[in-house]
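The whole structure should be built from the sequences, with the hints applied where relevant.
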Amino acid sequence: MYEDFYGFRGKPFQLSPDPEFYFGSKGHKSAFSYLKYGVYQGEGFLVITGDIGTGKTTLVRTLLNELDTGEVVAAQIVSTQLDADDLLRAVATAFGVNAQHNGKAQLIATIEAFLLTTFQKGKRALLIVDEAQNLGARSLEELRMLSNFQCGDHALLQSFLIGQPELRMLMRSPLMEQFRQRVIASYHLGPLDQVDTRAYIEHRLNFVGWKDDPRLEADAFVEIHRATGGVPRRINSLCNRVLLAGYLAEKHVLGRTDVASAATEIANEMGADISVSPLLSKREPATAASKREGAVAKREPAASSRVAARPLAAITERIEQLEHNVDGLLNVVRGIVEPERALPDEETRGPARSSSGG
Numbered sequence: 002m003y004e005d006f007y008g009f010r011g012k013p014f015q016l017s018p019d020p021e022f023y024f025g026s027k028g029h030k031s032a033f034s035y036l037k038y039g040v041y042q043g044e045g046f047l048v049i050t051g052d053i054g055t056g057k058t059t060l061v062r063t064l065l066n067e068l069d070t071g072e073v074v075a076a077q078i079v080s081t082q083l084d085a086d087d088l089l090r091a092v093a094t095a096f097g098v099n100a101q102h103n104g105k106a107q108l109i110a111t112i113e114a115f116l117l118t119t120f121q122k123g124k125r126a127l128l129i130v131d132e133a134q135n136l137g138a139r140s141l142e143e144l145r146m147l148s149n150f151q152c153g154d155h156a157l158l159q160s161f162l163i164g165q166p167e168l169r170m171l172m173r174s175p176l177m178e179q180f181r182q183r184v185i186a187s188y189h190l191g192p193l194d195q196v197d198t199r200a201y202i203e204h205r206l207n208f209v210g211w212k213d214d215p216r217l218e219a220d221a222f223v224e225i226h227r228a229t230g231g232v233p234r235r236i237n238s239l240c241n242r243v244l245l246a247g248y249l250a251e252k253h254v255l256g257r258t259d260v261a262s263a264a265t266e267i268a269n270e271m272g273a274d275i276s277v278s279p280l281l282s283k284r285e286p287a288t289a290a291s292k293r294e295g296a297v298a299k300r301e302p303a304a305s306s307r308v309a310a311r312p313l314a315a316i317t318e319r320i321e322q323l324e325h326n327v328d329g330l331l332n333v334v335r336g337i338v339e340p341e342r343a344l345p346d347e348e349t350r351g352p353a354r355s356s357s358g359g
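So the mapping is simple: our numbering equals the position in the sequence shown, first residue as 1, plus 1.
Hints are computed from structural coordinates only; laboratory data are not their basis.
From a predicted model like this one, the values you see are computed outputs, not experimental measurements.
Note that beta-carbon positions come from the ideal geometry of N, C-alpha and C, so glycine has one too.
Below, computed lysine to aspartate or glutamate pairings styled on DMTMM-like, alpha-carbon distance capped at 20 Å:
#, residue 1, residue 2
1, Lys27, Glu203
2, Lys124, Asp69
3, Lys252, Glu266
4, Lys27, Asp194
5, Lys12, Asp214
6, Lys105, Glu142
7, Lys252, Glu203
8, Lys212, Asp5
9, Lys124, Glu67
10, Lys122, Glu72
11, Lys37, Glu72
12, Lys105, Asp84
Simulated restraints, written as ranges between beta carbons of each label pair:
#, residue 1, residue 2, range
13, Glu251, Leu68, 42 to 48 Å
14, Met146, Leu249, 52 to 58 Å
15, Glu251, Val79, 39 to 45 Å
16, Ser31, Gly210, 27 to 33 Å
Spelled out as structure tokens, the structure:
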């Protein structure tokens, strides 16, 4: 729709991660440097965390596109409440290994054989676990055990864990001491600052052939950052709405008022400001949230009418975000309080490197 009106070659603010749109903000450059450092080290665990929508998946896909497949065999899995045994099967399947074994011991032996063969071919195996905050303590321990496989002084498997902040909470558990000793580095990816927010928007627009139509006034960028908190996915969502409104109104200059109007429209559809997480943000105490919900209730007399006024897609997204956050927190709690089996007292391969990110 608005792409043709403004002469774009494609969609500048699609929500799905696309490495072609990768933007190297200060934070993303740092995170990417950690990933490349991890690949260079070729052993242990590297941990990247960040809130929902900060660009972690795009970062990983950019890395995968740059890896030399002649040197690194990379596999990626998305953790969706996998228990320890299911995780092992997922790892095997991701590397293309036959995982149809009855016993856990045979499955582990098959994975080890694959890793050894890969090493003998002069390649290294890299496992990337996305949404790793959903892993329990036992699943993380299984990954640590896989990291023990080596040939001489060379590790056969390296793992990158990508997840939300709950992952760091889980790793702080006393049960994770041996695991923490295998972490070579970690980094937390935060939101964009105001300068990077503008650069990010202009980068995506330029990628699809933007010729300063529409012209975005300086206060529009300031308002976008204020409304979204600098979270890339929220920026994409808001910019999409601003451009759509501009197209419908046949406007070629967009400013703060246009952005504020689009943000309000989204807030009314979602029942909350787009800059606030489904769980209470740190900036908003419970009393403030209650007052805001009360104000919404006064404006809109019937709950059924509120629901009817919201697009189904917006309602579905909100529910999915709530479920995702709750599931992550439950996994953290389970990983800390559930009785765990006795962990092996085996020695690590060498002096433990400390995590750079804590």
